[in-house]
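**Student:** As a plain string of letters, each chain reads:
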Amino acid sequence: MSETLKVPTMAEYMAQGKQPEVLFWVGCAGSFDDRAKKITKAFVKLLNNANVDFAVLGTEESCTGDPAKRAGNEFLFQMQAVTNIEVLNAYEVKKIVTACPHCFNTIKNEYPGLGGTYEVMHHTQFLKTLLDEGRLTIQGGKFKGKRITFHDPCYLGRANNVYQAPRDLIQKLEAELVEMKNCRKNGLCCGAGGAQMFKDAEKGDKEVNVERTEQALNIKPEIIAAGCPFCNTMMTDGVKAKEKESDVDVMDIAELIANAQDL
Amino acid sequence: MQYLPNILFAIILIVAIGYFAKNVKSLIRNIKLGKDTDVSDNKPQRWKNMIMIALGQSKMVRRPVSGILHVIVYVGFIIINMEVLEIILDGLFGTHRVGLRVLPISVYGFLIGTFEILACLVFVSVIIFWIRRNIIKLARFWKSEMTSWPKNDGNFILYFEMVLMSLFLIMNAADLQFQALDSGNIISKHIALWFSGFSDSALHTIERGAWWLHIIGILTFLNYLYFSKHLHILLAFPNTFYGNLKPKGQMTNVEAVTKEVMMMMDPNADPFAAPEEGAEEDVPEKFGASDVQDLNWVQLLNAYTCTECGRCTSECPANQTGKKLSPRKIMMDTRDRLEEVGKNIDANKGEFKEDGKQLLNDYISTEELWACTSCNACVEACPVSIDPLSIILEMRRYLVMEQSAAPTELNNMMTNIENNGAPWPYNQMDRLNWKNE
Ligand code: SF4
Ligand code: SF4
Chain P
1 MSETLKVPTM
11 AEYMAQGKQP
21 EVLFWVGCAG
31 SFDDRAKKIT
41 KAFVKLLNNA
51 NVDFAVLGTE
61 ESCTGDPAKR
71 AGNEFLFQMQ
81 AVTNIEVLNA
91 YEVKKIVTAC
101 PHCFNTIKNE
111 YPGLGGTYEV
121 MHHTQFLKTL
131 LDEGRLTIQG
141 GKFKGKRITF
151 HDPCYLGRAN
161 NVYQAPRDLI
171 QKLEAELVEM
181 KNCRKNGLCC
191 GAGGAQMFKD
201 AEKGDKEVNV
211 ERTEQALNIK
221 PEIIAAGCPF
231 CNTMMTDGVK
241 AKEKESDVDV
251 MDIAELIANA
261 QDL
Chain V
1 MQYLPNILFA
11 IILIVAIGYF
21 AKNVKSLIRN
31 IKLGKDTDVS
41 DNKPQRWKNM
51 IMIALGQSKM
61 VRRPVSGILH
71 VIVYVGFIII
81 NMEVLEIILD
91 GLFGTHRVGL
101 RVLPISVYGF
111 LIGTFEILAC
121 LVFVSVIIFW
131 IRRNIIKLAR
141 FWKSEMTSWP
151 KNDGNFILYF
161 EMVLMSLFLI
171 MNAADLQFQA
181 LDSGNIISKH
191 IALWFSGFSD
201 SALHTIERGA
211 WWLHIIGILT
221 FLNYLYFSKH
231 LHILLAFPNT
241 FYGNLKPKGQ
251 MTNVEAVTKE
261 VMMMMDPNAD
271 PFAAPEEGAE
281 EDVPEKFGAS
291 DVQDLNWVQL
301 LNAYTCTECG
311 RCTSECPANQ
321 TGKKLSPRKI
331 MMDTRDRLEE
341 VGKNIDANKG
351 EFKEDGKQLL
361 NDYISTEELW
371 ACTSCNACVE
381 ACPVSIDPLS
391 IILEMRRYLV
401 MEQSAAPTEL
411 NNMMTNIENN
421 GAPWPYNQMD
431 RLNWKNE
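As they're listed, the protein sequences go chains P and V.
Residue numbers for the first sequence, in the numbering used here: 1 to 263.
Residue numbers for the second sequence, in the numbering used here: 1 to 437.
Think of the hints as simulated: they come from the structure by calculation, not from any bench.
Do not take every clue at face value.
Under the rule of at most 27 angstroms between Cα atoms (straight-line distance), these lysine-lysine pairs were calculated in the DSSO-like manner [what the hints assert, rightly or not]: (1) V:143 - P:206; (2) P:95 - V:435; (3) P:6 - V:435; (4) V:143 - P:181; (5) V:324 - P:242; (6) V:324 - P:199; (7) V:143 - P:185; (8) V:349 - V:22; (9) P:203 - V:324; (10) P:206 - V:324; (11) V:137 - P:181; (12) V:259 - P:94; (13) V:48 - P:185; (14) V:357 - P:203; (15) V:137 - P:206; (16) P:38 - V:435; (17) V:137 - P:203; (18) P:142 - P:6.
Just so it is clear, the structure is predicted and the values come from calculations on it, not from any experiment.
All chains should be modelled from the sequences, with the hints used to inform the complete structure.
**Tutor:** Structure, rendered in structure tokens:
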């Protein structure tokens, strides 16, 4: 790591009487999961590098309630939502960016009905905006010419129709973007959504993540790019199950961009 | 005696339409068993969806082969049915090809010629459909929920169409007057060659026979709809109109829960205060759905609209990997149970009598419900805007909020969220530790 990360909290901003440009919603995976923490850090490096005035909630952040809602526990979901909304509204948050499509979907679509209306962006959309505004530069670096495929997260793609931003970023790496048989609207799930991440799958003849990884491996990518910490885990496990971890990396788009610049 | 055919025709017509009307009434009654839901927003977008998706078949053509064949059958079916108007007028007034009395021969010929070409195209398309179902055995038509009735239903519809198209062409071919016009008999003139040695009276018998069978066939088909997946030819229109307009990832917030949560979070609320007048009624008897009456009416309309095409199931990640879940089965089960409930009400003078059954467990198992990843692939795939996921979610809500019957691992996850604000057993106070790791 070249320098320490600058990760101010909303409380610190508040103490100085200032408002950040955007709140970075880290999410549970991004905060606690070892693999996802690397994505969080890569994204923070990009934010630091682009001099984005951002803050996190830190210990004041709590699960959005997405897995509880999808498991059918509407009570727990709404308790979580209302608690989070109180915190967000107390800080007068207007704009939120997150690297988790589940947090993205929940805050963007399900919080407004409970009193929390914000402009919510997925980190790939946010990075694309920084790029367009000239605040972020993307170089191909070691990814130049690499075969990269993008796995559409259900909660980013089908759920919210965001397909282009992540692809634009990959193309900026001067990489060769290759598409799987099922992509965009027809993207196949990694198997983690709807609270499946937290339980074993029902009886069947295959794991969903293996099926999806096979689709990816069929087009012989060097990197499978992801835009969701859960997809990342599922695809990484899939690649391991197919014993291809020495040939194929699973990386978040934020990691690709940060690594390309040796941040 | 001269008016006997006219009278007979009128009786058949009245009986057929009457029976159809009765079934439509049951259909509406059954759909209204569902809970209310507000779909009055954004009318312009709703009209647009109906025109694009139902009328324009925009989602059908995503699978080009079946999509284009379906468009042919659909356009053919609608346009050829214009001919039914003439048949009904002829039948009632004892005229023959009344269209010729009002239209110039060339226009009439153009219309019938178009119908003949379409009939021929429909016939060929339907044969290809039959081959796909029965010879090629496309996987989606042979999944486990495609038991004997759904399979037969699919084929019956194809046979119906084949017979109706043939009768229409034979009727034209055996019609000496029409053939003599030599306008619009573009296909039937070739069929007429087969009849070349026939006497005039034999031809007349064939023509009359085909004419009667054709119209009786159409009226039978009309009444078959209610019992068949073919009902979609009518319901696709309201169904796409009332389809979800929100982002697919957005799941509804249960209002009754919101009220309770707000109460609990409100420091000024007095938990012992007497409920306000009428407030009691707002609290629903139960959360989520264990039976069809717990679903909303759009979900029930969805069930009647389902074409059993299986596009949803073939895109479902759970189904693709051998799990029991099939979104098509969710829709078929909902319709079957709704029909059962409807018959129960009919048999018990308008009141539902407890029958010891429900949608949950008797039709849809928890194993199916818990296999869903909420990926929305089924919703995206459906050509008529059906949302199987919303039913799965409602049933999960019932399992969790009414029965505390979630799988153990999910209960652990939820306990963690409750206690630590994360689905894993980490302390909320450690949430920013990554920064220094
Ligand atoms: S939302 Fe559920 S039922 Fe629908 S395709 Fe995805 S996993 Fe299957
Ligand atoms: S729900 Fe839609 S996609 Fe699925 S079988 Fe029915 S009509 Fe076809």
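**Student:** Run every hint past the structure and note whether it holds.
**Tutor:** To see whether the hints hold, each was checked on the structure:
The hinted pair formed by residue 143 (chain V) and residue 206 (chain P) meets the criterion: a straight-line CA distance of about 17 angstroms does not exceed 27 angstroms. Taken as a hint, the residue 95 (chain P) and residue 435 (chain V) pair is honoured in the structure, with Cα atoms around 22 angstroms apart against an allowance of 27 angstroms. Taking the CA atoms of residue 6 (chain P) and residue 435 (chain V), the gap is about 8 angstroms. The hint holds against a cut of 27 angstroms. Restraint check for residue 143 (chain V) and residue 181 (chain P): the C-alpha separation of about 23 angstroms stays at or below 27 angstroms, so the hint holds.
The straight-line distance between the Cα atoms of residue 324 (chain V) and residue 242 (chain P) is roughly 25 angstroms, inside the 27 angstroms bound, and the hint therefore holds. This hinted pair checks out: residue 324 (chain V) and residue 199 (chain P) have alpha carbons roughly 16 angstroms apart, not beyond 27 angstroms. Distance check on the hinted pair: residue 143 (chain V) and residue 185 (chain P) sit about 24 angstroms apart at the alpha-carbon level, within 27 angstroms; holds. Among the hinted pairs, residue 349 (chain V) with residue 22 (chain V) is consistent with the structure: their alpha-carbon atoms are about 16 angstroms apart, no more than 27 angstroms.
Between residue 203 (chain P) and residue 324 (chain V), the direct Cα distance comes to roughly 8 angstroms. Compliance with the 27 angstroms bound is thereby established for this hinted pair. Note on residue 206 (chain P) and residue 324 (chain V): the hinted pairing holds, with a Cα-Cα distance of about 12 angstroms set against a maximum of 27 angstroms. Taken as a hint, the residue 137 (chain V) and residue 181 (chain P) pair is honoured in the structure, with Cα atoms around 23 angstroms apart against an allowance of 27 angstroms. Between residue 259 (chain V) and residue 94 (chain P), the direct Cα distance comes to roughly 25 angstroms. Compliance with the 27 angstroms bound is thereby established for this hinted pair.
Only pairs whose Cα atoms come within 27 angstroms are accepted, and residue 48 (chain V) paired with residue 185 (chain P) is accepted, the gap being roughly 20 angstroms. Straight-line distance between C-alpha atoms of residue 357 (chain V) and residue 203 (chain P) comes to about 26 angstroms, which keeps the hinted pair within the 27 angstroms bound. The straight-line distance between the Cα atoms of residue 137 (chain V) and residue 206 (chain P) is roughly 23 angstroms, inside the 27 angstroms bound, and the hint therefore holds. For the hint pairing residue 38 (chain P) with residue 435 (chain V), the CA-to-CA distance comes to about 10 angstroms; that is within 27 angstroms, so the pair holds.
About 25 angstroms separates the Cα atoms of residue 137 (chain V) and residue 203 (chain P), which keeps this hinted pair within 27 angstroms; it holds. For the hint pairing residue 142 (chain P) with residue 6 (chain P), the CA-to-CA distance comes to about 26 angstroms; that is within 27 angstroms, so the pair holds.
In terms of the numbered hints stated before, the structure departs from none.
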